[in-house]
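Listed below are the residues making up each chain.
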Amino acid sequence: MDQTQPCQQYIHEAATVSCYGARNFKEDVATIVELVYLLNFSKREEHPNFDQHLARIDQRAYSLVVEKIHLATEFGFYSPAEEKIAADLVRVRFTRNRSPP
Amino acid sequence: MNKKKKLTLVALIAAVGLGGGLFAKEYGDEYLLATPIEQAVERKIGRQIFLSWDDEDAERDEKARLVETLYDEARRHWDYFDRQWENVSSLEVLDELMTENIVMKMEQSGLLQLKSTLTSRDYHFFVHELTHAWQNSLSWSEQDDLKARWFALSNNAYHY
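Going down the list, the protein sequences come from chains A and B. For the first sequence, the numbering used here assigns the number 1 to the initial residue and increments by one for each residue that follows. For the second sequence, the numbering used here assigns the number 1001 to the initial residue and increments by one for each residue that follows.
The shape of chain A in the complex, shown without the other chains:
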């Protein structure tokens, strides 16, 4: 399997979910925490083309993803270290790839 494919699908889905609530609550939770896992994976493995995929997330979705990552961590799914890596990657990469207004 192309290593970029799951990430690409996921990011697109995360943006959709967080902005528009296209899926149900349980699947939204599971999808967001899956994102954290992929983010950490990308950090370790230098995931190819990850930035351009993350750039698909708009401002509202980006903020919600970060807040939801924090909530999942607060309820014990991820460690604080994992949350920090994921949130930092979302912030940094989003800012770096954001299109000028």
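Any given hint might turn out to be false.
To be verified - Here are the simulated DSS-like pairs of lysine-lysine, each with C-alpha atoms no more than 25 Å apart in a straight line:
id	chain 1	residue 1	chain 2	residue 2
1	A	K84	B	K1147
2	A	K26	A	K84
3	B	K1147	A	K26
Just so you know, these hints were derived from the structure itself, not from any lab. All values derive from a computational prediction rather than experimental measurement.
Let chain A serve as the given structure and place chain B on it in line with the hints.
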């Protein structure tokens, strides 16, 4: 034979059939069909793996190895894996047609279901399904709290 005895006999046969079916699913897979490789993986992960009764030994070995890979990869890359794994009682690898778009599905019983077409690169799906196990394992008050706060962030915009 009077009507009451007939009903009793039918009920008895149904009970034996149902019990036999449950017994066969629970123990038949393990004691009649499990391969040495499958059993070794089960010992390693500490959970029973249910596979299709139609699978040949080579297929059972392949699916067992896939479960082992997903387990190893998720454990390697996730700080709280062991804590979440406690919420899983057993695994079942399903044929593709049974699951449509859902790759894996977690049920209240702790049964973690995996799609047979997963590859060794798909371990993030493993984490996705373990999320359901984690969510179900929270206390009722924690579940309500999480749901309320998550809904608030999402502006209650879910479509069911």
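Within a Cα-Cα threshold of 25 Å, do K1147 (chain B) and K26 (chain A) meet the stated pairing?
Between K1147 (chain B) and K26 (chain A) the Cα gap is close to 9 Å, so the pair holds against 25 Å.
Checking one constraint from the list: CA of K26 (chain A) to CA of K84 (chain A), max 25 Å. Satisfied?
Holds, at about 23 Å.
Run the distance test for K84 (chain A) versus K1147 (chain B): straight-line Cα separation, threshold 25 Å.
Status holds; Cα separation ~22 Å.
Checked against the numbered hints above, the structure breaks none of them.
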